[in-house]
Amino acid sequence: MSAVTVSGSVRTDRPAPPSLARLAGVELRKMTNTRAGMALLVIVLLSEVGLMIGLMVAGDAEDLSLSGFFQIAQLGVGILLPVLGILAVTSEWSQRTALTTFALEPRRQMVVAAKTAAAAVLVAGVLVTCVSLAALANVVAPLVTDASGSWSLGGNVLGFAALFQLINVLVGIAFGLVFLSSPLAIVLYFVLPTLWSILTGLSSALEGPAQWLDLASTTEPLLEEAMNSKDWAQLGTSVAVWLALPFALGLARVMRSEMK
Amino acid sequence: MITVEHLTKRYGPVAAVNDVSFSCHPGTVTGFLGPNGAGKSTTMRMICGLTRPSSGTATVNGVAYRDLPNPGRHVGVLLDASAQHAGRTGHEVLTVSGQLLGVGSARVEEILEQVGLSGAASKRRVGNYSLGMRQRLGIAHALLGDPSVLILDEPANGLDPEGIFWMRGLLRDFADRGGTVMLSSHLLREVEAVADHMVVIGHGQIVADGGKDELLTQGGLVVRALEPSALERVLADAGVTAKATRDGAFAVESDAETVGRVAAAAGIVLLELRPADSAGLEEMFLRLTSSGPPSSDGPPPEVTRPVQPSELDREAV
Ligand SMILES: Nc1ncnc2c1ncn2[C@@H]1O[C@H](COP(=O)(O)OP(=O)(O)O)[C@@H](O)[C@H]1O
Ligand SMILES: [Mg+2]
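Residue numbers (the numbering used here), protein chains in the order written: chain Y, 1 to 260; chain L, 261 to 577.
Keep in mind that the hints were calculated from the coordinates and are not lab data. In this text, all values refer to a predicted model and were calculated from it rather than measured experimentally. Even for Gly, the Cβ is constructed at its ideal location relative to N, Cα and C. Incorrect hints may appear among the rest.
Stated by the list, open to error - Sample of chain Y residues at the chain L side, in silico, Cβ under 7 Å:
(1) 18
(2) 34
(3) 96
(4) 99
(5) 104
(6) 106
What the hints assert, rightly or not - Restraint-style ranges between C-beta atoms, simulated for each label pair:
(7) L:366 to Y:58: 40 to 46 Å
(8) L:504 to Y:94: 54 to 60 Å
(9) Y:46 to L:366: 33 to 39 Å
(10) L:425 to Y:46: 31 to 37 Å
(11) Y:32 to L:376: 38 to 44 Å
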């Protein structure tokens with residue numbers, strides 16, 4: 001029992017509150033140290049490989065380049081990584097670990113910020129694997145196909161892809177915060193935007209304006225590295241509605257909610 | 261040190277916790293007792309900043325929980341042993357929290373050892389733990405940051421008798437080293453063995469608050485004689501009120517010497533003469549569990565609260 005040492009009613013040492021970097025490290029670990037988290041990351045990796053092989057088999061010669069392989073991989077990542085963002089939030093409620101998390105860090109907004117930062121780190125890590133795998137594919141492709149094998153990869157391609165993935169994963173986190181339930185958040189994350197497209201597609205008058213709020217189509221130009229000012233405006237509008245709004249509502253909900 | 265002042269929590273029209281005040285002092289184990297639904301967990305969640313009180317305040321070491329920098333280094337909290345990610349191993353659960361608290365991996369090993377979960381058990385997923393193992397992990401988690409205050413909600417649930425014995429020793433030791441312990445239970449016997457101080461809550465209100473000994477001996481004495489009717493007669497003659505109990509003994513409101521002398525003078529053989537242990541508290545407990553909530557317009561329940569000399573000392577410091 002020698003491990004129990006207490007120093008009376010009031011401790012003289014005042015341990016500093018944990019920094020955002022430390023909290024983000026903790027959240028990053030929590031995202032990857034469960035079976036669900038690990039499985040999702042493996043599936044992300046497999047989707048990258050699968051899409052690159054698919055491109056190699058079916059793609060045109062001029063698309064078989066470093067940037068071509070890199071960009072095709074973004075599609076799989078863009079679908080799967082947000083689920084990890086959702087689970088990073090909702091698993092705290094489904095597994096009831098929020099009780100512990102917020103007992104150890106009562107500044108709940110800091111925990112949410114740490115989850116956001118951890119998701120950004122994860123995006124960066126995944127992009128690194130995308131570049132590495134794309135490079136490997138670009139070495140192999142000319143050996144087995146008549147690939148162009150171009151090695152150019154502009155900063156825009158990387159930057160836009162990073163923005164694309166960050167937006168998607170943050171929308172995932174925002175949906176997690178609003179619904180605080182894994183199945184609800186995941187289903188609505190995939191269904192709501194589609195529902196929006198279908199509903200507004202019914203009326204030709206709505207179709208044009210509705211595109212401003214269709215996140216799938218407003219983020220698409222990011223992967224084609226061709227963003228004009230209208231594209232930025234549409235992206236900003238859709239991000240405000242699908243990311244900023246649910247994030248703000250969800251944060252407010254988490255700040256007020258009772259942990260049981 | 262935990263100080264709770266006029267804490268109230270309303271859920272709609274119902275007050276789950278109603279104007280609750282008490283304190284837990286360093287060096288003591290406070291048993292927070294009450295039947296299921298009395299408001300124990302709600303009170304503890306409010307102390308830990310997890311539930312917002314409707315009114316009132318709670319502080320730990322003089323500071324609101326939310327304002328403690330790195331609270332896990334001051335307060336060890338175990339509110340629900342089952343609230344852990346089923347897919348993480350016990351070792352991983354502690355490692356993650358250790359990282360947040362800023363304690364090293366050596367501390368994790370040390371604490372796992374201390375709660376008897378080191379080795380293979382620590383590498384199993386929490387989902388495969390028994391409730392008793394989860395309680396041990398929860399206690400390990402609470403102790404991880406080397407706190408001076410422990411807040412444990414029904415920590416004995418699911419522990420086997422050996423585990424309960426172990427936990428009592430651990431809590432006693434923690435308090436003896438100057439720590440403050442608050443533990444809740446719905447079983448009087450469970451708390452009786454380890455607490456020095458008891459706070460009893462029923463229907464959201466404090467109904468008793470005091471040192472264990474004072475509360476437990478409020479029932480006076482139990483005396484049993486070979487010839488009960490003879491004893492009853494001489495006690496009545498001596499002016500000592502005696503009430504026959506169901507098993508042929510008497511509950512008397514007097515001290516042992518008086519009763520003993522009366523019996524000796526009459527040549528009556530006594531078989532038993534002892535404090536009426538927890539009869540008083542137990543009766544109160546049964547009342548709490550059987551009756552409905554107190555009517556809202558009636559007077560508040562009378563709080564049983566012997567003033568402790570030790571408490572006066574403390575306030576003077
Ligand atoms: N979110 C809630 N909404 C309504 N009533 C609640 C809520 N949480 C707790 N209660 C009620 O508050 C009372 C106290 O509950 P609790 O603190 O869990 O009691 P204990 O821990 O002593 O068993 C119970 O009657 C319970 O039904
Ligand atoms: Mg309870």
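A quick look at each hint next to the structure:
A least Cβ separation of about 6 Å between residue 18 (chain Y) and chain L falls short of the 7 Å threshold, and the interface hint therefore holds. About 4 Å separates the beta-carbon of residue 34 (chain Y) from the nearest beta-carbon of chain L, less than 7 Å, and the hint is met. At its closest, the beta carbon of residue 96 (chain Y) sits 4 Å from a beta carbon of chain L; the interface hint therefore holds under the 7 Å criterion. Against a cut-off of 7 Å between C-beta atoms, the interface hint on residue 99 (chain Y) holds, since the closest Cβ of chain L lies about 4 Å away.
A least Cβ separation of about 5 Å between residue 104 (chain Y) and chain L falls short of the 7 Å threshold, and the interface hint therefore holds. Proximity of residue 106 (chain Y) to chain L holds as hinted, the smallest CB-CB distance being about 4 Å (cut-off 7 Å). Our hint of 40 to 46 Å for residue 366 (chain L) and residue 58 (chain Y) is violated, since their Cβ atoms are close to 55 Å apart. Here the CB-CB span from residue 504 (chain L) to residue 94 (chain Y) is close to 58 Å, well matched to the stated 54 to 60 Å.
Checked against the hint of 33 to 39 Å, the C-beta distance between residue 46 (chain Y) and residue 366 (chain L) comes to roughly 38 Å, which is consistent with it. Our hint of 31 to 37 Å for residue 425 (chain L) and residue 46 (chain Y) is violated, since their Cβ atoms are close to 51 Å apart. The beta-carbon spacing between residue 32 (chain Y) and residue 376 (chain L), approximately 29 Å, falls outside the hinted interval of 38 to 44 Å.
Of the numbered hints stated above, those contradicted by the structure are hints 7, 10 and 11, listed in ascending order.
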